[in-house]
Amino acid sequence: MQIDMRNIRKTFFGAPVLKGVDFCVHSGEIHALLGENGAGKSTLMNILYGLYKPDDGTITIDGEEVSIEDPRDALSQGIGMVHQHFQLVNTLTVSENITLGLRETGYPFSKRKLIDQRIKELSETFGLDVDPAKLIKGLSVGERQRIEIMKLLYRSAKIFILDEPTAVLSPPEVESFFNVLRELRNAGNGVVIITHKIGEVMQISDRVTVLRDGEGVLQSRLEDTNEHELSKAMIGRTLTQREHEIRSIDVTSPRLVLQDVTIHDGKLSLLQNLSISIAPGEIMGIAGVDGNGQQELAEAIIGIRKLSSGTITFNGNKVDGRSIIDRMNNGMGYIPADRHNDAILLPMNLNQNLLLKKHLDPNYLNHHFLKRKKAESTTKNLIKEFFIKTPSENTAIRYLSGGNQQKFVLARELDSDLQLLIAFQPTRGLDLGATDFIQSQLLDLANRGVSILLISTDLQEIISLSDRIAVLYKGENMGILENDDQLDIALVGAMMGGKRLENQ
Amino acid sequence: MKINRNIIHYIWPVASVLMTAILLLILIGVDLGSAFSGFFRGMFGNIYQISEVLVKTTPLLLAGLGCSIGFQCGFINLGAEGQLYMGALASSVVAIFLGHLPHLLLIPLMMVCGFLAGGLWALIPGVMKAKFGLSEVIMSLMFNYIAIQFIALAIRTWLKDPEYPFPMSQPFTESAQLPRLVPRTRLHIGFIIAIVLAALVYIFLWKTARGFQIRACGCNPRASFCVGVNVNLNIILSSLLSGGLAGFAGFVEVSGVQHKLMDGISSNYGYLAVMVSLLGSNHPLGVAIAALLLGALDIGGLSMQRSAGVPTSLTTVILGMIVIVFLLRHHFGKKEKEISHE
Ligand SMILES: Nc1ncnc2c1ncn2[C@@H]1O[C@H](COP(=O)(O)OP(=O)(O)OP(=O)(O)O)[C@@H](O)[C@H]1O
Ligand SMILES: [Mg+2]
Chain A
-9 MQIDMRNIRK
1 TFFGAPVLKG
11 VDFCVHSGEI
21 HALLGENGAG
31 KSTLMNILYG
41 LYKPDDGTIT
51 IDGEEVSIED
61 PRDALSQGIG
71 MVHQHFQLVN
81 TLTVSENITL
91 GLRETGYPFS
101 KRKLIDQRIK
111 ELSETFGLDV
121 DPAKLIKGLS
131 VGERQRIEIM
141 KLLYRSAKIF
151 ILDEPTAVLS
161 PPEVESFFNV
171 LRELRNAGNG
181 VVIITHKIGE
191 VMQISDRVTV
201 LRDGEGVLQS
211 RLEDTNEHEL
221 SKAMIGRTLT
231 QREHEIRSID
241 VTSPRLVLQD
251 VTIHDGKLSL
261 LQNLSISIAP
271 GEIMGIAGVD
281 GNGQQELAEA
291 IIGIRKLSSG
301 TITFNGNKVD
311 GRSIIDRMNN
321 GMGYIPADRH
331 NDAILLPMNL
341 NQNLLLKKHL
351 DPNYLNHHFL
361 KRKKAESTTK
371 NLIKEFFIKT
381 PSENTAIRYL
391 SGGNQQKFVL
401 ARELDSDLQL
411 LIAFQPTRGL
421 DLGATDFIQS
431 QLLDLANRGV
441 SILLISTDLQ
451 EIISLSDRIA
461 VLYKGENMGI
471 LENDDQLDIA
481 LVGAMMGGKR
491 LENQ
Chain B
16 MKINRNIIHY
26 IWPVASVLMT
36 AILLLILIGV
46 DLGSAFSGFF
56 RGMFGNIYQI
66 SEVLVKTTPL
76 LLAGLGCSIG
86 FQCGFINLGA
96 EGQLYMGALA
106 SSVVAIFLGH
116 LPHLLLIPLM
126 MVCGFLAGGL
136 WALIPGVMKA
146 KFGLSEVIMS
156 LMFNYIAIQF
166 IALAIRTWLK
176 DPEYPFPMSQ
186 PFTESAQLPR
196 LVPRTRLHIG
206 FIIAIVLAAL
216 VYIFLWKTAR
226 GFQIRACGCN
236 PRASFCVGVN
246 VNLNIILSSL
256 LSGGLAGFAG
266 FVEVSGVQHK
276 LMDGISSNYG
286 YLAVMVSLLG
296 SNHPLGVAIA
306 ALLLGALDIG
316 GLSMQRSAGV
326 PTSLTTVILG
336 MIVIVFLLRH
346 HFGKKEKEIS
356 HE
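Which chain is which? The protein sequence lines are A and B, in order.
Numbering follows our numbering, in which position 166 of the first sequence is assigned residue number 156; successive positions increment by one, without gaps.
With positions in the second sequence counted from 1, the corresponding number in our numbering is that position plus 15.
Derived from the structure by calculation, the hints contain no laboratory data.
Be aware that one or more of the hints could be misleading.
Derived lysine-lysine pairs resembling BS3-like cross-links, with alpha carbons at most 30 Å apart [said to hold, decoys possible]: (1) 43(A) to 127(A); (2) 175(B) to 363(A); (3) 363(A) to 379(A); (4) 222(A) to 257(A); (5) 370(A) to 308(A); (6) 9(A) to 374(A); (7) 296(A) to 127(A); (8) 124(A) to 146(B); (9) 361(A) to 175(B); (10) 364(A) to 347(A); (11) 222(B) to 296(A); (12) 257(A) to 124(A); (13) 127(A) to 175(B); (14) 296(A) to 347(A); (15) 146(B) to 222(B); (16) 148(A) to 124(A); (17) 222(B) to 347(A); (18) 175(B) to 364(A); (19) 370(A) to 146(B); (20) 257(A) to 146(B); (21) 146(B) to 347(A); (22) 275(B) to 379(A); (23) 187(A) to 127(A); (24) 187(A) to 148(A); (25) 175(B) to 308(A); (26) 308(A) to 464(A); (27) 275(B) to 146(B); (28) 374(A) to 275(B).
For each label pair, taking beta carbons as the anchor points, the in silico distance ranges come out as [stated by the list, open to error]: (29) 150(B) to 216(A): 39 to 49 Å; (30) 124(B) to 4(A): 54 to 64 Å; (31) 4(A) to 341(B): 45 to 55 Å; (32) 81(A) to 341(B): 46 to 56 Å.
Backbone N, C-alpha and C fix where the C-beta goes; we use that ideal spot for every residue, glycine too.
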């Protein structure tokens, strides 16, 4: 199967997003689609998946021109897509999610056993580990991802479009995920993978296309290009890997202390006797495979989750039991990993999303009335400072590209008097340039005395930013390492797999 | 191309409603001309007809505003009917037992009691939702029946006018009646109050921090919670305000129009309010327009019955049609546009 997109154009509210892009993908290849935040990658793929209609241009499948009306149409042609933000129903089981919207195997009285059987078969063939009986609620991002792919496999897709699938995965997960992709390719499928990480492109893809500002600027076989050229095509310059800088930090009076923090959910223990402290100006990195208690840790500190036992002290005061807003007023900030659910109001514009955070801030209030002008000017400034790509501050945030939404969430959080920032996957979905920019912002913040809890599944990020590194495994702290020149990366890897550090 | 689409976008809904109406009229076998002229003369024929439209608009607007506050916060209040009845009951009790109080004292007292009674009636499902996560949809709906039967009971027993064979309360004293706006019509000052309240609701929801919180909670409760908003408090508050406005509608009906409490004081205003709020996109201005539309439709339908013998159930069918067309509006003419699955 060979899909050709020719001269695709798309304009949103008068702003051209795709300016005549050519793109092609065929069976048996893994094709990487690269580009900065807002370059138009998702839009281009949404067109192929039938979510948007191109204003101009043609799509041909095996030489025959087609018009793809909607995702169902796309699927019937063998084109499937996993979005940047997953679309699973939390309260249904894995198996129910996979067959959602399908009418087969006895619909409406589905033969669950048969379906589960088929899922298990597919799961074995492609090394895609999913348990059909589990509820989506409580699954890690990595697992959710596999289910999204299984959904497509179950619908017998031939071309798999994956929008930033690795943004949420940790290195070992990425490894096994890539194995799945290779299996898919070897079985004669085509894969389009959108990513910001050039390393991954070099590792997995056969061919690559680079978009920049809605134009295709490079299309090449992987052998014929290199990291340097790709980075140049993507952001117009090359970036050097950030070197970790060893800083001396006074740890005698920690700002945040977690003592034996434990969280149970029924019989399940999500966090187990976790003790960590962070000093002013320190960046504490939390490494670990996603779903090992990171979410619970972040939520416990900011107050979203209640502790089952243990204490949290902030600036010498016990804060567990205090409200979220109370903790925030005392200088805590939180960047959640799941921006759509936990951070923003999708249908509302940027000003209103700023106010979501600021509407209780006296600076934005005149008695009980909101200062709209003030919110607007702050939003405008943030857009400028953080290079957020948006038509205006009055645009609904849902129309921003994924990376630009993330930049907004970061900008909003950094625009306050922070003492402690919980940064959970802060650079998730950001392009190379933006990642670099945000990382230097975090370092700046730390140098100004803010304590930072950096939770990330990207080990590289943890290593290049943190002063100390703790590793979470099944809700337990495997040990804390000093991030100096003696850091043993292999040891960190082993700890992520459950090895406990001696003499702790 | 663009203009074309827009025209289609507006013409289709209107056309399909109109076609349904004509089709039904033909089916019933009445003269189209006299039906339509009856309909429109009923609405705008003279000052009395116009005033009647506004009399109907008033409770629809108030209860509609109530629903919209609930909906804005994600509190799906389908109980405006019951809340309206409770408001009517409370103000009637005040009017009957404290009827000797001076006008300027009695009316505000009735207002407050009507508001509170409706509000407290809605507060029960509100608290249940906030504290125990129970569905307010079913709960508020069920509370309608309880309230309606409770009033039916009251006017047959302890509130019944002993002078009179029918189940109704004593008539209100002069001092418990809302003043008329236009002589020889039933249009009362409650209409002005409703308009003022619509403006206040707008200012509250769109200009104040609390109002913003309520809308944020309706939009994404989880995100609101994560930035430190007390979502449960907002649900409870919005249920109170939502029911309060419906209760206020009850006050306006008994004090402005009926001057006594009896069965069927609300010609389904509480149920229609849900549609008013829906058609008005939960925005006070939209709600006001929708309330006016439904009020006019009702009066027009009545007049059509008088002049051309068309049953008023036709109005109900048309109303249903309008709501359906409204819900389908995005599918007329333009299709894709603003879906973002990103
Ligand atoms: N439905 C929409 N309405 C209006 N504008 C949109 C819409 N979808 C995308 N855009 C705009 O189009 C541009 C490209 O967006 P797109 O989502 O394709 O970027 P992307 O390359 O996927 O970026 P990212 O890496 O940040 O996800 C953005 O500037 C965005 O604001
Ligand atoms: Mg994208």
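Results for each hint:
1. 43(A) to 127(A): violated, 33 Å
2. 175(B) to 363(A): Outside the cut-off at roughly 57 Å; violated.
3. 363(A) to 379(A): holds, 21 Å
4. 222(A) to 257(A): violated, 52 Å
5. 370(A) to 308(A): Answer violated: residue 370(A) to residue 308(A) is near 37 Å, above 30 Å.
6. 9(A) to 374(A): At roughly 24 Å apart (the allowed maximum being 30 Å), residue 374(A) and residue 9(A) satisfy the hint.
7. 296(A) to 127(A): holds, 18 Å
8. 124(A) to 146(B): holds, 28 Å
9. 361(A) to 175(B): Outside the cut-off at roughly 53 Å; violated.
10. 364(A) to 347(A): holds, 14 Å
11. 222(B) to 296(A): Violated - the C-alpha atoms of residue 296(A) and residue 222(B) are around 33 Å apart, more than 30 Å.
12. 257(A) to 124(A): holds, 16 Å
13. 127(A) to 175(B): Violated, at about 56 Å.
14. 296(A) to 347(A): Status holds; Cα separation ~22 Å.
15. 146(B) to 222(B): holds, 28 Å
16. 148(A) to 124(A): holds, 27 Å
17. 222(B) to 347(A): holds, 16 Å
18. 175(B) to 364(A): Distance ~58 Å between residue 175(B) and residue 364(A) Cα, so the pair is violated.
19. 370(A) to 146(B): Violated, at roughly 39 Å.
20. 257(A) to 146(B): Holds - the C-alpha atoms of residue 146(B) and residue 257(A) are around 24 Å apart, at most 30 Å.
21. 146(B) to 347(A): Between residue 146(B) and residue 347(A) the Cα gap is close to 24 Å, so the pair holds against 30 Å.
22. 275(B) to 379(A): Not OK: residue 275(B) and residue 379(A) at ~62 Å, beyond 30 Å, violated.
23. 187(A) to 127(A): holds, 29 Å
24. 187(A) to 148(A): Given that 30 Å is the threshold and the Cα spacing comes to 25 Å, the pair holds.
25. 175(B) to 308(A): Measuring from Cα to Cα gives roughly 61 Å; hence the hint is violated.
26. 308(A) to 464(A): Holds, because 26 Å separates the two Cα atoms, which is no more than 30 Å.
27. 275(B) to 146(B): violated, 37 Å
28. 374(A) to 275(B): violated, 63 Å
29. 150(B) to 216(A): 39 to 49 Å: violated, 59 Å
30. 124(B) to 4(A): 54 to 64 Å: Holds, at about 57 Å.
31. 4(A) to 341(B): 45 to 55 Å: Because 28 Å falls outside the window, the suggested range is violated.
32. 81(A) to 341(B): 46 to 56 Å: violated, 29 Å
In this structure, the hints that do not hold are numbers 1, 2, 4, 5, 9, 11, 13, 18, 19, 22, 25, 27, 28, 29, 31 and 32, in rising order.
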